[in-house]
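4 protein chains.
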Amino acid sequence: MGNSFGTLFRITTFGESHGGGVGVVVDGCPPKIPITVDEIQFELDRRRPGQSKITTQRKEADRVEILSGIHESGVTLGTPIAMLVRNQDARSHDYEEMKDKYRPSHADFTYDQKFGIRAWQGGGRSSARETIGRVAAGAIAKKVLFELWEVEVLGFVERVQSLATSIDPLSVTLEQVEANIVRCPDPAVAEQMVELIEIIRKEGNSVGGTIRCVAKNVPAGWGEPVFDRLEADLAKACLSLPACKGFESGSGFAGTYLTGIEHNDAFRSRDKERGTKDAYTTSNNSGGIQGGISNGMPILIRAAFKPTATVMREQETIDSNLQDTTLRGRGRHDPCVLPRAVPMVEAMVALVLLDHALRQRAIQL
Amino acid sequence: MGNSFGTLFRITTFGESHGGGVGVVVDGCPPKIPITVDEIQFELDRRRPGQSKITTQRKEADRVEILSGIHESGVTLGTPIAMLVRNQDARSHDYEEMKDKYRPSHADFTYDQKFGIRAWQGGGRSSARETIGRVAAGAIAKKVLFELWEVEVLGFVERVQSLATSIDPLSVTLEQVEANIVRCPDPAVAEQMVELIEIIRKEGNSVGGTIRCVAKNVPAGWGEPVFDRLEADLAKACLSLPACKGFESGSGFAGTYLTGIEHNDAFRSRDKERGTKDAYTTSNNSGGIQGGISNGMPILIRAAFKPTATVMREQETIDSNLQDTTLRGRGRHDPCVLPRAVPMVEAMVALVLLDHALRQRAIQL
Amino acid sequence: MGNSFGTLFRITTFGESHGGGVGVVVDGCPPKIPITVDEIQFELDRRRPGQSKITTQRKEADRVEILSGIHESGVTLGTPIAMLVRNQDARSHDYEEMKDKYRPSHADFTYDQKFGIRAWQGGGRSSARETIGRVAAGAIAKKVLFELWEVEVLGFVERVQSLATSIDPLSVTLEQVEANIVRCPDPAVAEQMVELIEIIRKEGNSVGGTIRCVAKNVPAGWGEPVFDRLEADLAKACLSLPACKGFESGSGFAGTYLTGIEHNDAFRSRDKERGTKDAYTTSNNSGGIQGGISNGMPILIRAAFKPTATVMREQETIDSNLQDTTLRGRGRHDPCVLPRAVPMVEAMVALVLLDHALRQRAIQL
Amino acid sequence: MGNSFGTLFRITTFGESHGGGVGVVVDGCPPKIPITVDEIQFELDRRRPGQSKITTQRKEADRVEILSGIHESGVTLGTPIAMLVRNQDARSHDYEEMKDKYRPSHADFTYDQKFGIRAWQGGGRSSARETIGRVAAGAIAKKVLFELWEVEVLGFVERVQSLATSIDPLSVTLEQVEANIVRCPDPAVAEQMVELIEIIRKEGNSVGGTIRCVAKNVPAGWGEPVFDRLEADLAKACLSLPACKGFESGSGFAGTYLTGIEHNDAFRSRDKERGTKDAYTTSNNSGGIQGGISNGMPILIRAAFKPTATVMREQETIDSNLQDTTLRGRGRHDPCVLPRAVPMVEAMVALVLLDHALRQRAIQL
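So the protein lines, in turn, are chains A, B, C and D. The letter at position 348 of the first sequence is residue 348 when you use this note's numbering, and the numbering goes up by one with no holes. The letter at position 159 of the second sequence is residue 159 when you use this note's numbering, and the numbering goes up by one with no holes. The letter at position 29 of the third sequence is residue 29 when you use this note's numbering, and the numbering goes up by one with no holes. The letter at position 112 of the fourth sequence is residue 112 when you use this note's numbering, and the numbering goes up by one with no holes.
Fair warning: there could be bad hints in the mix.
A pair counts as met if it fits within one copy or between any two copies, since identical chains are not told apart.
Stated by the list, open to error - Below are the DMTMM-like pairs computed for lysine to aspartate or glutamate, each with C-alpha atoms no more than 25 Å apart in a straight line:
1. 59 with 96
2. 216 with 112
3. 272 with 316
4. 99 with 72
5. 277 with 178
6. 202 with 168
7. 53 with 150
8. 59 with 316
9. 99 with 316
10. 202 with 65
11. 59 with 186
12. 216 with 178
13. 277 with 97
14. 277 with 314
15. 32 with 191
16. 216 with 314
17. 272 with 152
Hints were generated in silico from the structure; no laboratory data involved.
Assemble the whole structure, with the sequences as input and the hints as a guide.
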């Protein structure tokens, strides 16, 4: 269980890193939304391995095939959209040793404890390949959000280990993010990040950091009271990504050092088109969400990604007979997951927003 | 929607701060688990207002009535357990001004945007009273976890604004947590926290901080791959609490400053009873969760709570006609939500763990 | 588990026939719908025992208390609507013998097999009292359906054992249904039914029959393809009622004796207001549903209810030690469940329709 | 929405009759269950068109590809099992006329009303091809049920129009069912059925009938009280199949003509192996289900299938502009859906049973 996400816009991913392929079924997409395979492939290309010198050198084209749900005229049918990416470039021998030994801080041990069996090649279901389905589904969610509400979701690498940009997230553009291979919109910091990751890669080590994501033009009223608060679902969305260990909404942990008077976001009114008025807040510590519901301000979140568990060093571990042993990482790996995690975070944020948008449509009179 | 939580152990809360009362229906509780009303009331007493000088001075006894699902012999029936706490001590006049004005950083504005109507007295459904149902349900979850697996869930206040304890979470006992009114198990720091909160209260201001929660004796194998990872569900659980703006699992944000070699948790084996062996990790940056599944080590999370939005100062805001105005908080409020949030976090963690425990039972052959 | 029903308009019932009471939490009701406690009580009065000489003589007023979700001004808030009916008039001694013996064709044996414990007094959770929550929730669903779409749901007793009316379901009015105690809108047949049930009651026996239910003004487009077809959800809704053993949509079993040419419903077009056209079918073997989706014609279903299992005769059975024994029904019982089942069927049909109405709103562009 | 079925053993189907293919993702399958592609293909071959002279003459091999979730060693992994069947043999020109005209009693009109667009070729998502995914998933469910509990699910054609067998369902074997092309285990009646269907086919007409399905060795205790009763979920399962318009559990509609004394199933006890005792009922009007929970007796259900809507005659209908017109069915069609519906009903019954089996495991102490 646990391979589905969402209530009204609901995705189910499938596939191990070995076997026929990986993919996703998207259920609940509104009909008549224009979407092309290129728009989906664009996001998959941002996610795929081998895209630059600082990502894993596995060569996988990750071409997506749309199996259903999109009409030949290029619009959604309202029926399930199934998408498949075939597996290729499998180097099982890189993983041979993992058959019996558990990689430290990977999911090898826990999968074995849970299921009593695992597809050990390439990490099986815990492989980052699983996120292909999310990113493909997220591409559709982003398109629907933009078509129906002009909502834009944009993420970027904010910090790699100690190298951080202090750029204003609201000023960032997709072009800036895609202008360099590390996906940090601050060129000077990006350059340092790339250098650091290259050094780390050569050392066979890895680093982590944070991703910032902003959603603009989200209307007020999305999110459900109590358990399905917008920030609760966003937190789950991010923490469901491999290697994510932390989440912040709005002011997050930093906000806990402020007093209430400092932290509260004052409401003000401003003139809008044709004599109407519009509410806004003079600060945005709430990150666009109050009481779990969007307030019309930009939504701002942050996700923490730990350093990749795969390192090219000998490490202490145990084997499947619970005997102490050592294991040395081999083959190709991502020294830093962050550049490829940007489209993943965007996808998850888009999935949450669209789900809540549809839920709000259901009750809005 | 959004008033239910969980898949197999599923709770649904109801109730505004005004009206007949608040409560919860718990569906999916295993039968024949002994539980007394006193065990539930104990947790509600830890949550209730007026329990000390540093919490809101509202006087609410919050006595729980069990309406169904528990046999007269004191064991669960396997049928829905409904629990009700009547509302009392309503001072509507304290809230009169809020009828038309939106309190900054509260849910007033967003509820109005969402529903076009709200029960404004006392905050309605966004009131912290809603958490009564969670805490009552959490008391049952904690009991089931302990009865079936000896799992213990314990939270404590780790930091109030800048005042933090560095106590080892694994060494903390319930007695230590309950030994002072701020629920920080470090007596010296606790004293400073109480002083700070009293000062803040007198200033009509508020402060936030962090809660740490640990779950011991969780067996390996709980948690589902991909979307319903244990840490994803824990993140959602915490972020669904009022005022929570951040979440960390294991090393969290701090872990992102380490390299992979530093961060990885080495597996080792040790002798257990009767010649069997047991796996453990020499460090626990994973916080007891790898690949979203428990690995048998203690589960460690942290939740950030912003300073309470209610402050006794005049603040800029707008009214329901989107006119600029000011609003001054009145009446009784919590200058710091943290001491009362401890049982809430424990409840949410227990709900997630029990849900996953039952899910694992379903597939384990 | 299994105590909730619906996706977007979702109800959760609770309560045994003994203990504090029975009730329901309704989650997902749109806000600002006017509803009074009298409208809910009206439906509960149609369901309650002791309402006439042909129903059980238990005296239960079944007064409902609204605990939350409805504003003092008489409109829904969009938050969970919790409703409670207290238990009373418990005659445990009537049930004493059932403590150890399983009543034939009741749920006594199966609850024990499932849970290993049961609240045996009054039938516990399998008691018809559980349906109070459904009927109360159904009253709200009916009101929302009428307010937003003028949809009307009406059921009636069509057949008791072999006594059947051939009245046109589309011609039946609520007044006709409520004009007699058996809820058959055909006065001559109703009279015979009442006589039969009285004879059966005096014999300590019981009878079953069928209920017909029609929903008018349902717009085309409600219902989801594949698994959540409108008729699939209606079938589940009916079969989830105590004593229901059969379901038909449209022509049902009788339609299987026709050929396709006879059975197909021809589409025709007719003029509507202001020069627009309207589709209809010249026959309605489809019962208003094609491909699981409403087609704009009246929805027609039929539900079969077996004779009540409680009879005042000595019957062969076993006890909880699996020893052969006999058991004689005692106390008060319904010789025929059908008159009281009418509001239950209406409630379930309304719950399904409203749920699908909201789901359709979510995707309709 | 509505393309998923089940709670713990949950399937999601996808695919139109045109486009890349149709398939299913199975989530929640227990790990380490042996299953081969041949076992799945066997069921698909029972479902596929062109298998005999009385089914549609479309030639589709319907070869299944397992994309994930089954280890190369031939056992389930506990991860999602995705299965794909490619589309072929598409004769769009057969459907050209349907582009603008609605076939009577098909889903053409209602899909258009719901989505505003449809994949009209071959019936799109409402095509019987959608059931490929169900049958493939059902094959896995049947295997798991047999491996873990020796549960056997078997269906057969009981009646075609007025031609019915009165064979005892408990005596029927798979060999008998597969011994003839109509899947009626009574050879004499089967012969008549084949003759009838051939005549009907030549006339361009169609017929319906009933399918009987039995599940043996189901232990007592499966099924959830109240809404997710076993018979409620079975009813939904059957009514979710194309062309199904009626459902009966146990005595069904016929049972409503009996009195309670006649209808009740007396419990008796009998000796089992090693001095233990076993409960059974002397009759089985309950169809193995009491209070929505299995009682250990064979589960017996019946499903009604209307005559296929596709007939080779000119029929009155309307076009997408709501203009009256006529339409004549063309190409290949099933004159009687029943022979191919047998594996579909079995699949749905198996899916329901396994889901409830897993749910019961979760709470059974």
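Results for each hint:
no., hint, in the structure
1, 59 with 96, "within (19 Å within a copy, 44 Å between copies)"
2, 216 with 112, "between (42 Å within a copy, 21 Å between copies)"
3, 272 with 316, "between (63 Å within a copy, 20 Å between copies)"
4, 99 with 72, "between (44 Å within a copy, 14 Å between copies)"
5, 277 with 178, "neither (36 Å within a copy, 50 Å between copies)"
6, 202 with 168, "neither (32 Å within a copy, 36 Å between copies)"
7, 53 with 150, "neither (34 Å within a copy, 49 Å between copies)"
8, 59 with 316, "neither (30 Å within a copy, 56 Å between copies)"
9, 99 with 316, "within (16 Å within a copy, 60 Å between copies)"
10, 202 with 65, "neither (36 Å within a copy, 41 Å between copies)"
11, 59 with 186, "neither (28 Å within a copy, 53 Å between copies)"
12, 216 with 178, "within (18 Å within a copy, 44 Å between copies)"
13, 277 with 97, "between (65 Å within a copy, 22 Å between copies)"
14, 277 with 314, "between (63 Å within a copy, 23 Å between copies)"
15, 32 with 191, "neither (42 Å within a copy, 49 Å between copies)"
16, 216 with 314, "neither (45 Å within a copy, 30 Å between copies)"
17, 272 with 152, "within (21 Å within a copy, 42 Å between copies)"
Checked against the numbered hints given earlier, this structure breaks hints 5, 6, 7, 8, 10, 11, 15, 16; the rest are met.
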